[in-house]
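S.K.: Based on these hints, arrange chain X on the given structure of chain D.
2 protein chains.
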Amino acid sequence: MESLTWVDGALEIIDQTQLPDHSLTLRLTSVADLREAIATLRLRGAPALGLAGAWGTALACREAGSPLDSRYPERVRGLALELARARPTAVNLAWGVEQVLASLSGLEPGRWTAEACVTAARLHEADRAAGRAMSAAGADLLHAGGRYLTHCNAGPLATSGVGTALGVLLEGHRRGLDFEVLVDETRPLLQGARLTTLELQQAGIRVRLITDSMAAFAMQRLGVDGVFIGADRIALNGDTANKIGSYGLALAAKAHGVPFRVVAPLSTIDGQCPDGRAIPIEERDAAELLGYGPLRWAPAGTAAWNPAFDVVPAELIQDIVTEQGLLSAPFPGAIRKALAEPAIRTRTVQGVQDEV
Amino acid sequence: MESLTWVDGALEIIDQTQLPDHSLTLRLTSVADLREAIATLRLRGAPALGLAGAWGTALACREAGSPLDSRYPERVRGLALELARARPTAVNLAWGVEQVLASLSGLEPGRWTAEACVTAARLHEADRAAGRAMSAAGADLLHAGGRYLTHCNAGPLATSGVGTALGVLLEGHRRGLDFEVLVDETRPLLQGARLTTLELQQAGIRVRLITDSMAAFAMQRLGVDGVFIGADRIALNGDTANKIGSYGLALAAKAHGVPFRVVAPLSTIDGQCPDGRAIPIEERDAAELLGYGPLRWAPAGTAAWNPAFDVVPAELIQDIVTEQGLLSAPFPGAIRKALAEPAIRTRTVQGVQDEV
Chain D
3 MESLTWVDGA
13 LEIIDQTQLP
23 DHSLTLRLTS
33 VADLREAIAT
43 LRLRGAPALG
53 LAGAWGTALA
63 CREAGSPLDS
73 RYPERVRGLA
83 LELARARPTA
93 VNLAWGVEQV
103 LASLSGLEPG
113 RWTAEACVTA
123 ARLHEADRAA
133 GRAMSAAGAD
143 LLHAGGRYLT
153 HCNAGPLATS
163 GVGTALGVLL
173 EGHRRGLDFE
183 VLVDETRPLL
193 QGARLTTLEL
203 QQAGIRVRLI
213 TDSMAAFAMQ
223 RLGVDGVFIG
233 ADRIALNGDT
243 ANKIGSYGLA
253 LAAKAHGVPF
263 RVVAPLSTID
273 GQCPDGRAIP
283 IEERDAAELL
293 GYGPLRWAPA
303 GTAAWNPAFD
313 VVPAELIQDI
323 VTEQGLLSAP
333 FPGAIRKALA
343 EPAIRTRTVQ
353 GVQDEV
Chain X
3 MESLTWVDGA
13 LEIIDQTQLP
23 DHSLTLRLTS
33 VADLREAIAT
43 LRLRGAPALG
53 LAGAWGTALA
63 CREAGSPLDS
73 RYPERVRGLA
83 LELARARPTA
93 VNLAWGVEQV
103 LASLSGLEPG
113 RWTAEACVTA
123 ARLHEADRAA
133 GRAMSAAGAD
143 LLHAGGRYLT
153 HCNAGPLATS
163 GVGTALGVLL
173 EGHRRGLDFE
183 VLVDETRPLL
193 QGARLTTLEL
203 QQAGIRVRLI
213 TDSMAAFAMQ
223 RLGVDGVFIG
233 ADRIALNGDT
243 ANKIGSYGLA
253 LAAKAHGVPF
263 RVVAPLSTID
273 GQCPDGRAIP
283 IEERDAAELL
293 GYGPLRWAPA
303 GTAAWNPAFD
313 VVPAELIQDI
323 VTEQGLLSAP
333 FPGAIRKALA
343 EPAIRTRTVQ
353 GVQDEV
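The listed protein sequences derive, respectively, from chains D and X. Count along the first sequence starting at 1, add 2, and that's the number in the numbering used here. Count along the second sequence starting at 1, add 2, and that's the number in the numbering used here.
Calculated from the structure, these hints are not laboratory results. Using N, Cα and C, we set each Cβ at its ideal position, and we do this for glycine too. Where hints are given, some of them may not hold.
[Stated by the list, open to error] Here are the simulated lysine to aspartate or glutamate pairs, EDC-like style, with alpha carbons at most 20 angstroms apart: (1) K256/D to E317/D; (2) K339/D to D277/D; (3) K256/D to D180/D; (4) K339/X to D321/X; (5) K256/X to E317/D; (6) K256/D to E317/X.
[To be verified] For each label pair, taking beta carbons as the anchor points, the in silico distance ranges come out as: (7) A205/D to R279/X: 28 to 38 angstroms; (8) L179/X to A205/D: 46 to 56 angstroms; (9) A280/D to Q204/X: 34 to 44 angstroms; (10) G147/D to P261/X: 20 to 30 angstroms; (11) L297/X to G206/D: 25 to 35 angstroms; (12) L297/X to G80/D: 20 to 30 angstroms; (13) R177/D to M3/X: 51 to 61 angstroms; (14) R279/X to E84/D: 55 to 65 angstroms; (15) E285/X to R134/D: 37 to 47 angstroms; (16) R223/X to A302/D: 18 to 28 angstroms; (17) S25/D to S25/X: 38 to 48 angstroms; (18) T19/D to P261/X: 37 to 47 angstroms.
Looking at chain D on its own, in the form it has when it is part of the complex:
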């Protein structure tokens, strides 16, 4: 399954809200369609959102009217920023927009659409390569007979390739290691129960589904050899925003001496963000907590608090697995050094982020 593909001038995505029951491909031809798909989580996962930002900027170039019009650059930027605001926490979305806008700088507007597609395609391929590199680095941390735990979905559906946290597990399996994976169901939108189980089982990996509330007890009673999660935004000190529940999971891992690892491309690091307190946390509609899909189980009108992400403090993280290998504590230095590497250069996204 490919989470998103550029086909004949449109972005084709799998509607992830319909999985695992229906594999439905949507063809998105406008920024507004793409924005809706992101806001409703039809397309999700931080690295995939980065590519959506990039391809969406190409869509913006196409639908902003005539490049001969003097207001064309402003219109492109306006549409792209609107897209970047679709979800606030994953830095990758704004990063993808910024990468493409930066590549247009100095070019005559008539060439923008074509150039945006070239840049987006390059980022798309870089994301695949980053996935392969992260998976290889992370799989070295696995051992046969182990039991690993993951939260939410950080697999192929969340990226363009093998995924981040799941990429590590898929690569370990490909190397012939036999291990079990405990999958947190990940309320409220159940990405673990619906998507991660699907991706791991299709690969032939042994899986047991648990509720999010069982993870600590699993560490106590079953034993867990490592936790791997993805990330939506990493601050310069290593604090990591990821799907709600990651923080409690990290506290439980700490209490049991279980290594807790974040797997994410360097594009997830926000060069403008000093620490976790500066990461904006998306709060979603209370209705998501009152039931699921067509089913409502809480009394009508019940109030809810629904943060979509939380922040894992750097001191609870053992390593951050990136396409440049493992970053380990103390993180501020390791992160600064990684960002300075020219090989796979990450950029700050100040231009777009300041306005988002």
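M.R.: Below, chain X alone, put in the same frame as chain D:
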């Protein structure tokens, strides 16, 4: 709402699996009916299960055939033991059976049914009184403007009166304190989302529903002044079995310096159980994790691990609120002393438990 009532020779219960949408009363006239209602969680909550064990033993006396038959006592005991085995973790169920069987000792079988009803009614009233006493002791720990968090359902539906953990909150509200309660939804069976929200909102208490995975982040971002939970079995060292998720919640509370309190009658203490490792943990059907009610969201055939309870180590518990007041660390001594009090005497349940 009364979770269970003895009416004209039958046990009437509210079917808690139908709440909050339907308030359906079931009239149970046989041990088999009651056993089914307990196994499927139509009737649940440790103190309520204690009363179900007691009233169920009265049903056993009535349906065991003629008291003139020499095999009658053995049949009563067989039926009662079958009932006590319906769920393994809550000690109260076996305790209720044992209390009634003990009260029949030495009586001629022809008087057993009547005597069993008298004993069950006495336990029923004692449970109400214990609820009032626990609520009063616990409410002294609340303050106006506070924010408290609870897990699963430990209210009137789980007992015969005001409840345990929710009894504390209800009493605080009755005293005029204004505070907010965060309610863990409590996957997989959603007792928090369905029952606790209902009971607290009906009382006029401000409630916000959260997923179990949000509790740690709520402590970090919103601030929480105390956690109150019920208990299904307390070991002599203070280790406490309660609904799955309690352990992770206690770890998060410890990390944030939030007082974590267990509210339970002394009948929840298992005089035969030295520590948490000796508490049997019920594992339920994997199907409960693949969806909810008529809805299935995980891929068909997905394996799951589904422990219904976990164990909170005594060192994570600040106090145990009982009908005799607060028991505080070091728990082994405090518990031994409480059990020695003649006022509301708890019994060991060795007779029934050994066979269960």
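S.K.: Next step is simple, just say for each hint if it's right about the structure.
M.R.: So, going through the hints one by one against the coordinates:
no. : hint                                 : in the structure
1   : K256/D to E317/D                     : holds, 9 angstroms
2   : K339/D to D277/D                     : holds, 17 angstroms
3   : K256/D to D180/D                     : violated, 25 angstroms
4   : K339/X to D321/X                     : holds, 15 angstroms
5   : K256/X to E317/D                     : holds, 16 angstroms
6   : K256/D to E317/X                     : holds, 16 angstroms
7   : A205/D to R279/X: 28 to 38 angstroms : holds, 36 angstroms
8   : L179/X to A205/D: 46 to 56 angstroms : holds, 54 angstroms
9   : A280/D to Q204/X: 34 to 44 angstroms : holds, 41 angstroms
10  : G147/D to P261/X: 20 to 30 angstroms : violated, 40 angstroms
11  : L297/X to G206/D: 25 to 35 angstroms : holds, 27 angstroms
12  : L297/X to G80/D: 20 to 30 angstroms  : violated, 41 angstroms
13  : R177/D to M3/X: 51 to 61 angstroms   : holds, 57 angstroms
14  : R279/X to E84/D: 55 to 65 angstroms  : holds, 57 angstroms
15  : E285/X to R134/D: 37 to 47 angstroms : holds, 39 angstroms
16  : R223/X to A302/D: 18 to 28 angstroms : holds, 27 angstroms
17  : S25/D to S25/X: 38 to 48 angstroms   : holds, 41 angstroms
18  : T19/D to P261/X: 37 to 47 angstroms  : holds, 40 angstroms
The earlier numbered hints that this structure contradicts are 3, 10 and 12.
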